[in-house]
Amino acid sequence: MPEMLGIILRNLFSKPATVKYPFEKPEHVPGTRGEISFDMSKCDQCQDCERLCPSGAIKVDVEGKRIEWDPYKCMYCHLCVRSCMHQAITPLDNVQPPVYRLEKKVFET
Amino acid sequence: MSKHVEEVKTTVFPFGPQHPVLPEPIQLRFVVEEEEIVDVLPQIGYVHRGIEKAIELNDYRRNIYLCERICGICNYMHGMAYSESIEKLTDTVVPLRAKYLRTVWSELARLQSHLLWLGFFSEGVGFESLFMQVWKIREIVLELNEATAGHRIHLSTNVIGGVNMDMDEGLIKRYYKDMGRLRKEMDSLAPVFYKDKAFQAKQVGKGILPKKDAVHMGAVGPTIRGSGIPQDMRTNYYEAYGFLDFEPVTHDTEDVYARTLVRFDEVYQSIDLIEAALKQMPEGPIVDKNDRFPDGVAVVRVEQPRGECFYYAVGNGTIHLERMRIRTPTLPNIPPLLHMLKGYEISDIPAIVHSIDPCMACAERITYVKKGGQ
Ligand code: SF4
Ligand code: SF4
Chain A
989 MPEMLGIILR
999 NLFSKPATVK
1009 YPFEKPEHVP
1019 GTRGEISFDM
1029 SKCDQCQDCE
1039 RLCPSGAIKV
1049 DVEGKRIEWD
1059 PYKCMYCHLC
1069 VRSCMHQAIT
1079 PLDNVQPPVY
1089 RLEKKVFET
Chain B
36 MSKHVEEVKT
46 TVFPFGPQHP
56 VLPEPIQLRF
66 VVEEEEIVDV
76 LPQIGYVHRG
86 IEKAIELNDY
96 RRNIYLCERI
106 CGICNYMHGM
116 AYSESIEKLT
126 DTVVPLRAKY
136 LRTVWSELAR
146 LQSHLLWLGF
156 FSEGVGFESL
166 FMQVWKIREI
176 VLELNEATAG
186 HRIHLSTNVI
196 GGVNMDMDEG
206 LIKRYYKDMG
216 RLRKEMDSLA
226 PVFYKDKAFQ
236 AKQVGKGILP
246 KKDAVHMGAV
256 GPTIRGSGIP
266 QDMRTNYYEA
276 YGFLDFEPVT
286 HDTEDVYART
296 LVRFDEVYQS
306 IDLIEAALKQ
316 MPEGPIVDKN
326 DRFPDGVAVV
336 RVEQPRGECF
346 YYAVGNGTIH
356 LERMRIRTPT
366 LPNIPPLLHM
376 LKGYEISDIP
386 AIVHSIDPCM
396 ACAERITYVK
406 KGGQ
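Quick note, the sequences are listed as chains A and B, same order.
According to this note's numbering, the stretch in the first sequence is residues 989 to 1097, in order.
According to this note's numbering, the stretch in the second sequence is residues 36 to 409, in order.
Everything labelled a hint here was simulated from the structure, so no lab data went into it.
The reader is advised that the hints may include incorrect statements.
[Said to hold, decoys possible] Keeping only pairs whose Cα atoms sit at most 30 Å apart, straight-line, the calculated DSSO-like set for lysine-lysine is:
(1) Lys1092/A with Lys1013/A
(2) Lys1013/A with Lys219/B
(3) Lys1030/A with Lys1013/A
(4) Lys1013/A with Lys171/B
(5) Lys324/B with Lys1030/A
(6) Lys377/B with Lys246/B
(7) Lys324/B with Lys1008/A
(8) Lys219/B with Lys1003/A
(9) Lys212/B with Lys1047/A
(10) Lys212/B with Lys1013/A
(11) Lys377/B with Lys88/B
(12) Lys314/B with Lys1003/A
(13) Lys232/B with Lys88/B
(14) Lys377/B with Lys232/B
(15) Lys1008/A with Lys377/B
(16) Lys1092/A with Lys88/B
(17) Lys1061/A with Lys88/B
(18) Lys1003/A with Lys1013/A
(19) Lys1003/A with Lys171/B
(20) Lys324/B with Lys314/B
(21) Lys1061/A with Lys324/B
(22) Lys88/B with Lys1047/A
(23) Lys230/B with Lys1003/A
(24) Lys1013/A with Lys377/B
(25) Lys1003/A with Lys212/B
(26) Lys1008/A with Lys219/B
Please work from the sequences and hints to get the whole structure.
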């Protein structure tokens, strides 16, 4: 083990590589793939996002002009963001905190 | 013969599917005489997910993300191999810049996989501080992933016909800087991997896989390169590998240690390839879109961190693929594993099993269901 000794000593005198979560928040990285938000004033219910979503997390109600998005089915690939021709879907770069109840998010006009 | 000499008893004991040194569920039943392994019987089928059928039932445009979920570690290469198969079926020509970007990101995936393995393996042979150190270094790669595409593991940047995001000057500079940092950190670990006697003791001369057997049994990736055979799918020059200068890394001591060193040296090779690809990368478009439906037969072979991955796709001109066959590198590495375990002792099992980097969840494609039985 003598080869490792130098590294161990160096680590002993350098600051820790880990963050003390939840007392300390990890550094926020801009551009993180987070939640999505629908702007219903731009959306024309074409259902492209519903057809393409790989995990079936989006349900578009054409008659009711309403979109249901299930954050727990979503795998945050942001394919819907790129596929919407009306730029009605905005990607956010948040990280969702833990929750007690699994609720869908509803977007209405 | 004296009455006091006991007969050597044969014992069978199961190892796995849940075991602290096994990262994935596979059961190996060892037939041992005293401490020596005389036979090994594998049992797989614990994590069969029916992915091939799911791919056939899905719209072909949605499958990239499904393929990426075949393996968490090789996710980028699975997405890339799937896109390549569809590009072949729809006669799409991928722009050169997209090819370079795919090459850079594949090598980044190889880096994080090899670093993960080097850490896991060190822990498997009982060197926990080395495990921590290697995983600390691996953070550099994960943070680079996050800065590139907003996710630490799943880049998800492949689309059929190219990639969905570009790299700007700032990001490229960060890549150079981080590759330099990574090289420096690896240099500090090199003496441990190359000289540490305690680390070598569990590996040198264990799990020998002779050259002839490696070829005969169809080993792939670092397993076969550890037996001195320069087999590497990147030499088929897919994506931008044809423009880069590299030789497959081999070591010819044929033991567990050779496989460790192949992976250790490949970390350096990947760093070099990333730097070279970024230097040569031309400007231009990153995606070529068309709306043809896949038709015909395509075969794609890519080199994943664990070895060759094989994609076979049949399209019939509709939005569903007729057939998809995926062979991941762990499957061909199981027969060599059984061979290399024989004749060694029980205490050598963790090091030898780890040396092929088993990933069972990727390998399981077929399950037999007996009528009325299991
Ligand atoms: S793709 Fe865009 S416009 Fe079409 S339904 Fe979805 S959000 Fe609305
Ligand atoms: S981010 Fe991906 S998984 Fe989530 S809703 Fe959009 S397309 Fe579906």
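Do the hints match the structure? See the list:
Restraint check for Lys1092/A and Lys1013/A: satisfied, since their Cα atoms lie roughly 26 Å apart, inside the 30 Å limit. Distance restraint check for Lys1013/A and Lys219/B: the Cα-Cα separation of roughly 28 Å lies within the 30 Å cut-off, and the hinted pair is therefore satisfied. Restraint check for Lys1030/A and Lys1013/A: the C-alpha separation of about 35 Å exceeds 30 Å, so the hint is violated. With a C-alpha separation of about 19 Å, the suggested pair Lys1013/A and Lys171/B falls inside the 30 Å cut-off, and the hint holds.
For the hint pairing Lys324/B with Lys1030/A, the CA-to-CA distance comes to about 25 Å; that is within 30 Å, so the pair holds. About 16 Å separates the Cα atoms of Lys377/B and Lys246/B, which keeps this hinted pair within 30 Å; it holds. Under the criterion of a C-alpha separation no larger than 30 Å, the hint pairing Lys324/B with Lys1008/A is inconsistent with the structure, at around 46 Å. With a C-alpha separation of about 18 Å, the suggested pairing of Lys219/B with Lys1003/A holds against the 30 Å cut-off.
The straight-line distance between the Cα atoms of Lys212/B and Lys1047/A is roughly 44 Å, outside the 30 Å bound, and the hint therefore fails. Only pairs whose Cα atoms come within 30 Å are accepted, and Lys212/B paired with Lys1013/A is accepted, the gap being roughly 25 Å. Pair hint Lys377/B plus Lys88/B does not hold up; C-alpha atoms about 36 Å apart against a cutoff of 30 Å. Of the pairs offered as hints, the one joining Lys314/B and Lys1003/A is violated, with about 34 Å between alpha carbons and a cut-off of 30 Å exceeded.
For the proposed pair Lys232/B and Lys88/B, the alpha carbon gap of about 49 Å is over 30 Å, so the pair is violated. About 24 Å separates the Cα atoms of Lys377/B and Lys232/B, which keeps this hinted pair within 30 Å; it holds. For the given pair, Lys1008/A sits about 46 Å from Lys377/B by alpha-carbon distance, which is inconsistent with the 30 Å threshold. A C-alpha spacing of about 29 Å is found between Lys1092/A and Lys88/B, which places the hinted pair at or below 30 Å, so the restraint holds.
In summary, the hint linking Lys1061/A to Lys88/B is supported, as the alpha carbons are separated by about 20 Å, within the 30 Å threshold. Between Lys1003/A and Lys1013/A the alpha-carbon distance is near 16 Å, which keeps this suggested pair within the 30 Å criterion. Simply put, Lys1003/A and Lys171/B have alpha-carbon atoms about 13 Å apart, close enough for the 30 Å limit, and the pair holds. For the suggested pair Lys324/B and Lys314/B, the alpha carbons sit about 26 Å apart, so the restraint of at most 30 Å is met.
Taking the CA atoms of Lys1061/A and Lys324/B, the gap is about 28 Å. The hint holds against a cut of 30 Å. A hinted pair counts as satisfied when its Cα atoms are at most 30 Å apart, and Lys88/B with Lys1047/A qualifies at roughly 24 Å. The suggested pairing of Lys230/B with Lys1003/A holds, with an alpha-carbon distance near 28 Å, which does not exceed 30 Å. Between Lys1013/A and Lys377/B, the direct Cα distance comes to roughly 50 Å. Violation of the 30 Å bound is thereby established for this hinted pair.
Between Lys1003/A and Lys212/B, the direct Cα distance comes to roughly 21 Å. Compliance with the 30 Å bound is thereby established for this hinted pair. Taken as a hint, the Lys1008/A and Lys219/B pair is honoured in the structure, with Cα atoms around 27 Å apart against an allowance of 30 Å.
The structure fails to meet hints 3, 7, 9, 11, 12, 13, 15 and 24 from the earlier list, while all remaining hints are met.
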